[in-house]
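Following the hints, position chain B against chain A.
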Amino acid sequence: MFELEQSICLKTTIRAKLTQTLKPEHLEVINESHMHAVPAGSESHFRVLVVSPQFEGLSLLQRHRLVNETLREELSSCIHALAIQAKTPQQWSSNPSLA
Amino acid sequence: WARLMCSSSAVQKTLEEMVKKDKVVVFMKGTPAQPMCGFSNAVVQILRMHGVDSYAAYNVLDDQDIRQGIKTFSNWPTIPQVFINGDFFGGCDILLQMHQSGDLVEELQKLGIRS
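Protein chains in written order, with the numbering used here: chain A, 1 to 99; chain B, 1 to 115.
So here's chain A without its partners, still in its complex pose:
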């Protein structure tokens, strides 16, 4: 139960920080830790999909840097891996898929 609460907590933190900084039109934060060789209830592997007008005109690398920078604290402490998809609203409307 404690682990479950913690997991919800980190996911909420990630969501809140990305929302505040990047003002996304669409945001998905998925805990994928169960897909990796870590104990049940872990919060080590996350996937985020961020659709934000702020990515307009930025390279993929610059977009990922923005996301990394926003979550710097979490990345340096508890997140082992963060899969990022960063799209502009236009890209998202032409292909609204996670892959």
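Note that these hints are calculated values from the structure, not bench results.
A hint or two may mislead.
Label pairs and their calculated CB-CB ranges [as the list claims (entries may be wrong)]:
id, chain 1, residue 1, chain 2, residue 2, range
1, B, N75, A, G57, 18 to 26 Å
2, B, Q109, A, Q62, 32 to 40 Å
3, B, G51, A, A16, 37 to 45 Å
4, A, S97, B, M49, 19 to 27 Å
5, B, T31, A, A16, 15 to 23 Å
6, B, G86, A, G57, 20 to 28 Å
Simulated pairs of lysine-lysine, DSSO-like, Cα-Cα distance not exceeding 30 Å [what the hints assert, rightly or not]:
id, chain 1, residue 1, chain 2, residue 2
7, B, K110, B, K29
8, B, K71, A, K17
9, B, K71, A, K23
10, A, K11, B, K71
11, B, K21, B, K110
12, B, K71, B, K20
13, A, K11, B, K29
14, A, K11, A, K23
15, B, K23, A, K17
16, B, K71, B, K23
17, B, K29, B, K13
18, B, K13, B, K71
19, B, K23, B, K110
20, B, K13, B, K23
21, B, K21, B, K71
Ideal Cβ positions, reconstructed from N, Cα and C, are used throughout, including at glycine.
For chain B alone, kept in the frame of chain A given last:
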């Protein structure tokens, strides 16, 4: 503390030499023959798919200085990391997404590598 600072700047200098020495340089967990993490494995598979086989791969699990130092060097928080022509190119997601979009082929053509 002074010694730490000194060794850290020495590491940064070494890393700069490492990324410039070869056209394609990968910092990963494990080796291309035996990747120790799914994300590092993905990078190895993508490079293999594009016929990039003569790249330099460094196993960060072998050296804590390099493991921490490379994150500072590229200002990128995770492993794996791919460098092309001495420049930081990205992590696993960027390589994968550029592979899917076709942009990776173009990037590699600049190096004279045909997919």
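Hints, verified against the model:
{"no.": "1", "hint": "B:N75 to A:G57: 18 to 26 Å", "in the structure": "holds (20 Å)"}
{"no.": "2", "hint": "B:Q109 to A:Q62: 32 to 40 Å", "in the structure": "violated (22 Å)"}
{"no.": "3", "hint": "B:G51 to A:A16: 37 to 45 Å", "in the structure": "holds (44 Å)"}
{"no.": "4", "hint": "A:S97 to B:M49: 19 to 27 Å", "in the structure": "holds (21 Å)"}
{"no.": "5", "hint": "B:T31 to A:A16: 15 to 23 Å", "in the structure": "violated (39 Å)"}
{"no.": "6", "hint": "B:G86 to A:G57: 20 to 28 Å", "in the structure": "holds (25 Å)"}
{"no.": "7", "hint": "B:K110 to B:K29", "in the structure": "holds (27 Å)"}
{"no.": "8", "hint": "B:K71 to A:K17", "in the structure": "holds (22 Å)"}
{"no.": "9", "hint": "B:K71 to A:K23", "in the structure": "holds (27 Å)"}
{"no.": "10", "hint": "A:K11 to B:K71", "in the structure": "holds (24 Å)"}
{"no.": "11", "hint": "B:K21 to B:K110", "in the structure": "holds (17 Å)"}
{"no.": "12", "hint": "B:K71 to B:K20", "in the structure": "holds (16 Å)"}
{"no.": "13", "hint": "A:K11 to B:K29", "in the structure": "holds (26 Å)"}
{"no.": "14", "hint": "A:K11 to A:K23", "in the structure": "holds (17 Å)"}
{"no.": "15", "hint": "B:K23 to A:K17", "in the structure": "violated (37 Å)"}
{"no.": "16", "hint": "B:K71 to B:K23", "in the structure": "holds (20 Å)"}
{"no.": "17", "hint": "B:K29 to B:K13", "in the structure": "holds (21 Å)"}
{"no.": "18", "hint": "B:K13 to B:K71", "in the structure": "holds (14 Å)"}
{"no.": "19", "hint": "B:K23 to B:K110", "in the structure": "holds (11 Å)"}
{"no.": "20", "hint": "B:K13 to B:K23", "in the structure": "holds (18 Å)"}
{"no.": "21", "hint": "B:K21 to B:K71", "in the structure": "holds (19 Å)"}
Taken one by one, the earlier hints fail for this structure at numbers 2, 5, 15, listed in ascending order.
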